[in-house]
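A.B. asks: Two chains, two frames, a set of hints: combine them into the complex.
First to last, the protein sequences are chains A and B. Quick note on our numbering: the first sequence kicks off at 1 and runs consecutively. Quick note on our numbering: the second sequence kicks off at 224 and runs consecutively.
Worth flagging that the hints you see were computed from the coordinates, not collected in a lab. Take these hints with a grain of salt, some might be off.
Have a look at the derived ranges for each label pair, beta carbon to beta carbon [stated by the list, open to error]:
hint, chain 1, residue 1, chain 2, residue 2, range
1, B, P234, A, P26, 35 to 41 Å
2, A, P26, B, R400, 50 to 56 Å
3, B, G428, A, E114, 30 to 36 Å
4, B, P234, A, T81, 52 to 58 Å
5, B, R400, A, A45, 53 to 59 Å
6, B, P327, A, W6, 50 to 56 Å
7, B, R273, A, L67, 40 to 46 Å
Where a beta carbon is used, it is the ideal one built from N, C-alpha and C, also for glycine.
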Amino acid sequence: MTPDDWQTLWLTIWTAAAAVALILPPGAALAWLLARKQWPGKTLAETLVALPLVVPPVATGLVLLKLLGRRGPVGGWLYQTFGWEIVFTWKAVVVALAVMSFPLLVRSLRTAFEGVPVRLEGIARTLGRGPWNVFWTVTLPLARRGLAAGVVLSFARALGEFGATIMVAGYISGKTSTLSLSIYQLVQTGQDAHAMKLLGISVVLAFTALWISELLTRRKQPS
Amino acid sequence: MSLVLENLRLPLADFALEVNVELAAPVTGLFGPSGAGKTSLLEVVAGLRRPSAGRVQLHGRVLDDAAAHRHLAPEKRHVGYVPQDLALFPHLNARANLEFGHSPGSPISSAKVVEILELAPLLDRRVHHLSGGEKQRVALGRALLASPAILLMDEPLSSLDQRLRQRVLPYLQAVRREFSIPMIYVSHARDEIEMLCDEVLEIAGGQCTRRS
Numbered sequence: 001m002t003p004d005d006w007q008t009l010w011l012t013i014w015t016a017a018a019a020v021a022l023i024l025p026p027g028a029a030l031a032w033l034l035a036r037k038q039w040p041g042k043t044l045a046e047t048l049v050a051l052p053l054v055v056p057p058v059a060t061g062l063v064l065l066k067l068l069g070r071r072g073p074v075g076g077w078l079y080q081t082f083g084w085e086i087v088f089t090w091k092a093v094v095v096a097l098a099v100m101s102f103p104l105l106v107r108s109l110r111t112a113f114e115g116v117p118v119r120l121e122g123i124a125r126t127l128g129r130g131p132w133n134v135f136w137t138v139t140l141p142l143a144r145r146g147l148a149a150g151v152v153l154s155f156a157r158a159l160g161e162f163g164a165t166i167m168v169a170g171y172i173s174g175k176t177s178t179l180s181l182s183i184y185q186l187v188q189t190g191q192d193a194h195a196m197k198l199l200g201i202s203v204v205l206a207f208t209a210l211w212i213s214e215l216l217t218r219r220k221q222p223s
Numbered sequence: 224m225s226l227v228l229e230n231l232r233l234p235l236a237d238f239a240l241e242v243n244v245e246l247a248a249p250v251t252g253l254f255g256p257s258g259a260g261k262t263s264l265l266e267v268v269a270g271l272r273r274p275s276a277g278r279v280q281l282h283g284r285v286l287d288d289a290a291a292h293r294h295l296a297p298e299k300r301h302v303g304y305v306p307q308d309l310a311l312f313p314h315l316n317a318r319a320n321l322e323f324g325h326s327p328g329s330p331i332s333s334a335k336v337v338e339i340l341e342l343a344p345l346l347d348r349r350v351h352h353l354s355g356g357e358k359q360r361v362a363l364g365r366a367l368l369a370s371p372a373i374l375l376m377d378e379p380l381s382s383l384d385q386r387l388r389q390r391v392l393p394y395l396q397a398v399r400r401e402f403s404i405p406m407i408y409v410s411h412a413r414d415e416i417e418m419l420c421d422e423v424l425e426i427a428g429g430q431c432t433r434r435s
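With the rest of the complex left out, here is chain B (with noise of 0.2 Å):
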C-alpha cells in the first residue's frame, strides 16, 4: 500500500488534525484515545471532509491537494469506508445493502464475499432485524464490494459484547487473508491491532505521537 498524508491539516473543535506520514503496510492500525482525531483522519481520506492544508496521495493518485484546492469527490476515490456506526441502508435488505456499490466488472464477486463472510442465511433480512455481529459483516461485505483501493475500517468490533467480537474476528482475518485489500484498521483494543496490523500508528490530540 502506498497512502501519502502530506502535511495534512483538518481544523477540529478543540485542536487541529495535523499528520505528515507514508503508510506502506498492508494493514496499518491506528490506535489512540477517544477524540484523538482517528475518525477524522479515516473521513479526510474517504473524502467526506475537506481538509484545510496538505496532499493525500493514494497508489500515486492524488486525491486531495489543498493548495491546488483538488478535492477527488468520495465516489471518485475507490476507498472504501466501513464507519463505527456501520451506517447501512434502512430502507434496504441485506443482499440490496450488499449490492448499493457493486459494479458488474468489479473483480470481487459477490459470491465470494457471501462465502467468506457466511452471509448467505442474511441476504432476504432487512436491516433492523440483523444483530449486531451480522450487522458488522453486511457492512464489511458491502465495503469490499465496491472493490475499493483501500479499506478503512472505524472500530468495527467497538459496539460488540466479548464473545461476538471473538466471532467476527475471525472473519476481519479472512478478509486480509482472500481479498489482500491495504487497510486501516482504527482500534481501541490491543489484541485487534495485534492480532491483524503489520504496522501501529498511534495518535493522540490530532498529531501522531508514536509509529511501531
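Next up, chain A with everything else stripped away, as it sits in the complex (with noise of 0.2 Å):
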C-alpha cells in the first residue's frame, strides 16, 4: 500500500467514525421515542428517517449541496457566523454519511430498544428509580448488543457511501478521498489495477463490520 492509500483509509475510517458519533445521541433519542412512545406526527417521522433509504443518495446529496452550500441556508449562516465553509471539504463527506446512516441506525436502535421488557422498566419504578435512572440502569444495558450491533452496522454502512458523498463533497486528493470515492476515480483515470487494490481493502473493511454487527446481534442476552 501506498502512503496515499493509507491516507485514504485512515480518512474513512475517521470520517465514517465522527458521523456515527454525531447522529448516535439524537439517533438513540429518537429510536427510544419511536420504540415507547405514541405521539402526533410519529408515522411522519418514520417515514422522514427512512427516507435516505430509498431516494438516489445523489439525490439526498444534491439536497444537502443546497442547504450546506455558501449560497443555501444553513451553509450560508454557518460560513456568516462561524466562518466554516462545509461542501467539498471534509466536513461535507461526515455530514453526508451520517445522513446516509442515520436511518440504519434509528432502525437498528429501535429494534434494541425494542427488545427490552416494558415490563421489567416498570417493576424497575415500583423500586424507586425515575424514567432517567431506569433508561441508564436498565433499558441501556440490556439494549447494548443491539445498540453495538446498530452502531457497528451504520459505521459499515458509512464506510460504503459514494453517491450523496461525491455531490456535496466531491473528490478532492487527501481531503475528501474516502475509498469508495478513490476507487470511482481511479478507475475514471484508467488505474483499475490500483482501483482493485482498494476494492479488496473496502471488502475486508466492510466484512469485519458485517461480522462484528452479526456476532453481537446473534449473542442472545441471558434470560
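C.D. replies: Have a look at this one:
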C-alpha cells in the first residue's frame, strides 16, 4: 500500500466514525421515542427518517449541496456566523455519511430498545427509580448488544457511502478522498489495478464490520 | 393497613374492572379465577396502569384520582410489587437485584432480609443460575428492601411445584411475621390464602363477589 492509500483508508475510517458519533445521541433519542412512546406525527417522523434509504443517494447529496452551500440556508448561516465552509471539505464528507447512515442507525437502535421488556422498566420504577435512572440502569444495559450492533452496522454503511458524498464533497485528493470515491476516481483515470487493491481493502473493512455486527446480534442476552 | 379503592374502574379487553372497597386487614388475599382482573388490580395500585375512573388511597395518601387527573408515578408510591413472572433484572446478579431499590436510610436492612430469606449463598449468582424458588426469594427480598408501605404479591408460588411451594411458604410467613408490612396476596391456592391472609376478597369478571 502507498502512503496515499493509507491516508485514504484513515480518512474513510475516521470520517465514518465521526459521522456515527454525530448521529448517535439524536439517533438513540429518536429510536427510544419511536420504540416506547405514542406521539402525534410519529408515522411522519418514521417515514422522514427512512427517506434516505429509498431516495437515490445522489439526490440526497444534491439536497445537502443546496442546503450546505455558501448560498444555502444552513451553509450560508454557518459561513457568516462561524466562517465555516462545509461543501467540498471533510466536513461535507462527515455530514453526507451521517445523513445516509442515520436511517439504519435509528432502525437498529429502535429494534434494540423494543427488545427490552417494558415490564422490567415498570418494575424498576416500583422500586423507586425514576424514568431517566431506569433508562440508564435497565434499558440501556439490556439493549447494549443491539445498540452496539446498530452502531457497527451504520459505521459499515458509512464506510461504503458514495452517491451523496461525491455530490456534496467531490473528490479532492487527501481531503475528501474516501475509499469509494478513490475507487471511482482511479477507474475514471484508467488505473484499474490500483482500484482493485482499494476494492479489496473496502471488502475486508465492510466484511469485518458486518461480521462484528452479526456476532453482536446473535449472541443472546442471559434470560 | 388502609387501602381505599373508591369506585375504581379500569377497562380491560373483555370487561371492566370495577372495585369499590376499603382494605384494612394486615394481609388481604385476592382469590378468583384466571382472567378475573386480580393482576390488573395490583398493577393499578402499583401505578403501572392508570384507572379511567375512581380513586386509590393508601394510608391516607392519594395515589390515583381520575377526576382530578392525579396519577402518582410508580417510583413515588412506596408500593412493593412482586409480579407473577418475578421480573428479575437478567443483567444483574442476585445482590445487585436486591440492592436495586434499597436506599441507605431505609428502615429495612439488607442483612436482615438476607438472613430471613436465607439469601447469603445466592448473592453472587447471576439470575439465570438461580432455581425457581431462589428467584422467588430474591424477588421478594428486592421488593422488601425498597421499604414499601404495602407489598403486592401476585401468585408468588404458582410457578413452583408442590415440594418447592412447601419450602418457600415458610419464608412468606417469616416476612409477614418479621417485617409487619401490609400485604395483598393473590393466589389460586386456598391453603396459601388460609395460611397467610387475615381477610379474603374474591374477584370474578372484574367485580368483587365476596369478602370473608
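A.B. asks: Taking the hints in turn, state whether each one holds.
C.D. replies: Cross-check of the supplied hints:
The hinted range of 35 to 41 Å is satisfied by B:P234 and A:P26, whose Cβ atoms lie roughly 37 Å apart. A beta carbon spacing of about 53 Å between A:P26 and B:R400 agrees with the range 50 to 56 Å that was offered as a hint. For B:G428 paired with A:E114, a C-beta distance near 33 Å keeps the hint of 30 to 36 Å intact. Look at B:P234 against A:T81: about 54 Å separates their beta carbons, and that is inside 52 to 58 Å.
Between B:R400 and A:A45, the C-beta spacing of about 54 Å keeps the proposed range 53 to 59 Å intact. Under the hint 50 to 56 Å, the C-beta atoms of B:P327 and A:W6, about 55 Å apart, fit the expected range. In this structure the supplied range 40 to 46 Å holds for B:R273 paired with A:L67, their Cβ-Cβ distance being about 43 Å.
The structure shown violates none of the earlier numbered hints.
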